[in-house]
Amino acid sequence: MIDTILSIPTLTTLAEADFFKRLWLRSDAASEAATHTDFMFMAIWWICVTWFVFLMVLMAYFVVRYRRVQGKPAEPSNAHNTTLEIVWTIIPTLFFVWMFFAGFKGYIAKQIAPGDAEEIIVNAKKWNWTVTYPGGYTSFDTKDLGAKTQPVFYIPAGRPLKFRLLSADVMHAFWVPDMRIKSDVFPNRYTYVWFDANEPSGKETITRDMVQKGFEDLIGAPYADHWLFCAEYCGDDHSEMAAIFRVVPEPVYKKWLVALDKASQNMPPCELGERTYRMQCAACHSVDGSKNTGPSWKDMFGRTETFTDGSTGVVDENYVLESIMTPAAKVVQGFPNSMNSFAGQLSDKQINGLIAYMKKISANYKGPDPCAGAVAPEGEAPATPSTEAPKAESTPAAH
Amino acid sequence: MSTIDTSRAKPHEPSHGHHDESYLASRGSLFSNIWDWATTVDHKKIGVMYLFAVLVLFFIGGLAAILVRLELFEPTRIVGGKVVGSLFQSLTAPEATSTAAGNNWYNRTFTLHGAIMVFMVIVPSVPASLGNFFLPIQIGAKDVAFPRLNLLSWYIYVIGSIFAVLSIILGGVDTGWTFYTPYSTLTDLGFSRGAILVFAVFVLGFSSILTGLNFVVTVHKLRAPGMGWFDMPLFIWGVYSTAIIQVLATPVIGITLLLLCMERLFRIGIFDPSLGGDPVLYQHFFWFYSHPVVYVMILPGMAIISELIAVHSRKRIFGYRAVAFASLGIAAVSFLVWGHHMFTGMGEMASFIFSGLTFLVAIPTAVKVFNWIATLYKGSIAINTPMLYALIFLFLFTIGGLTGLPLATLATDVHLHDSYFVVAHFHYVMMGGTIMAFVGGIHHWWPKMFGKMYAEKPAMLAAILVFIGFNLTFIPQFLMGAQGMPRRYASYVDAFHIYHQLSTFGSFLLLVGFLLHAFVLVHSLVAGKKAPPNPWGGLTLEWSTDSPPIAHNFHHEPIVTHGPYDYDSVVPPHWDPKDYPLPDQKQVAQVHAGH
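Going down the list, the sequences are from chains A and B.
Every letter in the first sequence is one number past the one before it in the numbering used here, and letter 302, counting from 1, is 302.
Position in the second sequence (from 1) plus 1000 gives the number in the numbering used here.
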């Protein structure tokens, strides 16, 4: 019976009407389940529009036709009509029954992943997303959007992907609007979503300035970008907690994984630090000196900071390590104590990278070039003598 | 044929001095007047005090909404950083001096808007103000069943509101009005204001419970002789259904918020997983109250609409019993649909059940809309501010109801949940429904409450401004929600810029409309014409007494001899049959017999 209703030509034709679909949903559905959702949405919209127009025209007609004329009484009419009342109870009920069952069908299709789906682990934390691929790799790509950069996660088209979601702190929600899927992300249990992304249309291809060194193989491949938003309110930078899923054909995705593997193994500390910063830290810390949720890293390393308890201390390697592991220990004055511990989430290599990166962007750091690496020839060490370096190495005055 | 059969009334009771005067009559010096109002047990004065408090809080909550809209005018931050935020910000978030801390400022502002509008405005709006004033009069009683308890409810409401305002002055709360855990038990831990706001809502709950209890008893025990259950005006049915929900559901939020405070203050693990609790448990508890409370908000609005449409189109409400039972049906089913707030966080089975139950609640709601529109058929429809608001309600509430359908449908809800689509949907129901009915009701009963007429044309102009402004504010929110704009975002991607701008312009228009309304009503108090006892030709009991009513409501105990909507056979009290011609009574008899 449901199939009969679904196949009524006018309803289907109307639901496909392009103008309203663009108006309502803007983007094309990027997976098969999403296409069904769009059909449901537009079918319900047309049912609602029909009812609404019918009721409002009736109301307007009555108001005009039966407007009050001084001295003229209302015409007598029945105050109830059992047949009519039963009919107008049953008709909407039939519509509701269809919406309920068809909606459930589409929902189950979105909930239950096929058995052969590739599992991708997604960790949410205030205020960023981390995606871990099979094999344990993490993406370092970012997309420059002018005012800010957003992390980019490559995913293959044409094969089911199952995302295992977990939060490290409060509740978040994983929403990819183009896929029409959403799931809450809890701190105490895994939740799952899955989708099977459509092949990118080929209108857009990856250009040179979109890829980093070592990823040149990807240039020219078709891609489609889809936003990932946090949809459950999670505090100060809730609205900055976004990322991009970049759908590419599966062979391109495999190339990307290989390049990622290589890049992860021999990345110089400064570069690793910068990439880690963009993925994990950029939501709260700027590198251009502007004030954000946390202090800007520009010129921070080596500077003497005042903490919320009034004590002072120099930002050195130990302070950075302490702030990553136990952020609440010493909070810089003027900033909220809103950072969570990254213990267990960053490798030693990444922390070393972050320290090197902070040194690189600080005028207060006077030591040798942090980006030179162990094998750098001596001649490339900074020319200026580092007279104040010992001060930068000293431990914070307080505690 | 008269409204009130005085021949059967009890002998005139000995006069109690000023009890035959208007309830608004002065008691002498300013101090004695203030003392008189502060200690009054008169349901009318308590109703007026509620009305005043609710309108003041509506203004504060509305200003917060305007600030939210200002912030969203640009995709990046404009308020809270530099442009407008400074004064308000110094009150709400003194530590917010940077652009990023502006997010924090924004979060506090929308929390303020939500908490005030839900707990302090919409929940008490109709029942506590208009309900308090008219429930006893419409059933022919001198007062509610427990007048002192009624005054206590008012003081509890004021104390709760003071605590809420205190939490704002201390720096504001950034949890959202839903206080979701574990965020709400972890944020701003160094400050007590979060706990103060939660405590304020806890206190406000008692006001709600006691008022509900009072109304239930009043309706059961104090109906005038001759008034059976099905002779009650539909306003009473709506407020009565509301009162039942208030009594049964509010204790749950009280317990939940107490547990939340205990977790926050004493780290007792109930909802926070790091203490061994479960955050979803909080959501179940919270929505077990907060979904029924949606009907605490909308049922009284529906109740007002039934009155407005009947009186101003001189018609019996079509299908009176269906409307009355729909109120009770909605009240009953409302307890079983809370899970539809959690479709993205529950198992498939639970989602299946709650989706089905949600569609169930849509049926009586649809039936009510059909009944109201059918009532207009062959009526004598006056176009004035109350009727205009009834029509605005039908327009907006129908949109609100219909947009609930894709949210009840699981496949589409998974996409739309926590988006601006939901924001627009509940504003169409809560504001387009309840607030529009409330404003319509205020105009309808204004002459009765204060004995003054308001200026009709400016009020209608204001209503039209509100209508246009409202749609301009919220229609763009439907569109961007479906396109992927999440809720509670301080900044957003550029694709939604135009929609946010339209929405902000709409909110300015809304503000202008409401300010004009305020001006018209204040003008009426100062310079309005004296109102006759029955300006609209209503048949319910409040129109048979003076405008404003005397302290004891009626000079004699009324005895009800006709139904509340018998416009085709009864000349309203204080009206001349010549000014109010009845249809041919033979024809009327035929129509009724013919059925």
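Keep in mind the hints are simulated off the structure, nothing from the lab.
None of the values given here were measured: they were computed from a predicted structure.
Even glycine gets a Cβ: it sits at the ideal position worked out from N, Cα and C.
Just so you know, not all the hints are guaranteed correct.
Using 20 Å as the maximum straight-line C-alpha spacing, the simulated SDA-like pairs for lysine to any residue come out as follows [claimed, not checked]:
| no. | chain 1 | residue 1 | chain 2 | residue 2 |
| --- | --- | --- | --- | --- |
| 1 | B | Lys1586 | A | Gly71 |
| 2 | A | Lys143 | A | Val69 |
| 3 | A | Lys21 | B | Lys1586 |
| 4 | A | Lys72 | B | Tyr1580 |
| 5 | B | Lys1378 | A | Val57 |
| 6 | A | Lys72 | B | Lys1457 |
| 7 | B | Lys1457 | A | Ala259 |
| 8 | B | Lys1578 | A | Val57 |
| 9 | A | Lys255 | A | Gly344 |
Between beta-carbon pairs, the in silico distance windows are [unchecked claim]:
| no. | chain 1 | residue 1 | chain 2 | residue 2 | range |
| --- | --- | --- | --- | --- | --- |
| 10 | B | Ile1383 | A | Asn78 | 20 to 26 Å |
| 11 | A | Tyr190 | B | Val1512 | 47 to 53 Å |
| 12 | A | Leu84 | B | Ile1464 | 29 to 35 Å |
| 13 | A | Pro160 | B | Ala1518 | 53 to 59 Å |
| 14 | B | Arg1321 | A | Ile108 | 27 to 33 Å |
| 15 | A | Gly158 | B | Leu1166 | 54 to 60 Å |
| 16 | A | Glu216 | B | Phe1191 | 49 to 55 Å |
To give an idea of the interface, some chain B residues facing chain A are shown, with a C-beta separation under 7 Å as derived from the structure [as the list claims (entries may be wrong)]:
| no. | residue |
| --- | --- |
| 17 | Gly1171 |
| 18 | Ile1363 |
| 19 | Ala1382 |
| 20 | Asn1384 |
| 21 | Leu1410 |
| 22 | Gln1483 |
| 23 | Leu1582 |
| 24 | Gln1585 |
Open item on the list: Please list, smallest to largest, the hint numbers that this structure does not respect.
Closed with: The structure conflicts with hints 2, 3, 6, 7, 8, 9, 14, 17, 20 and 24, although it agrees with all the remaining ones.
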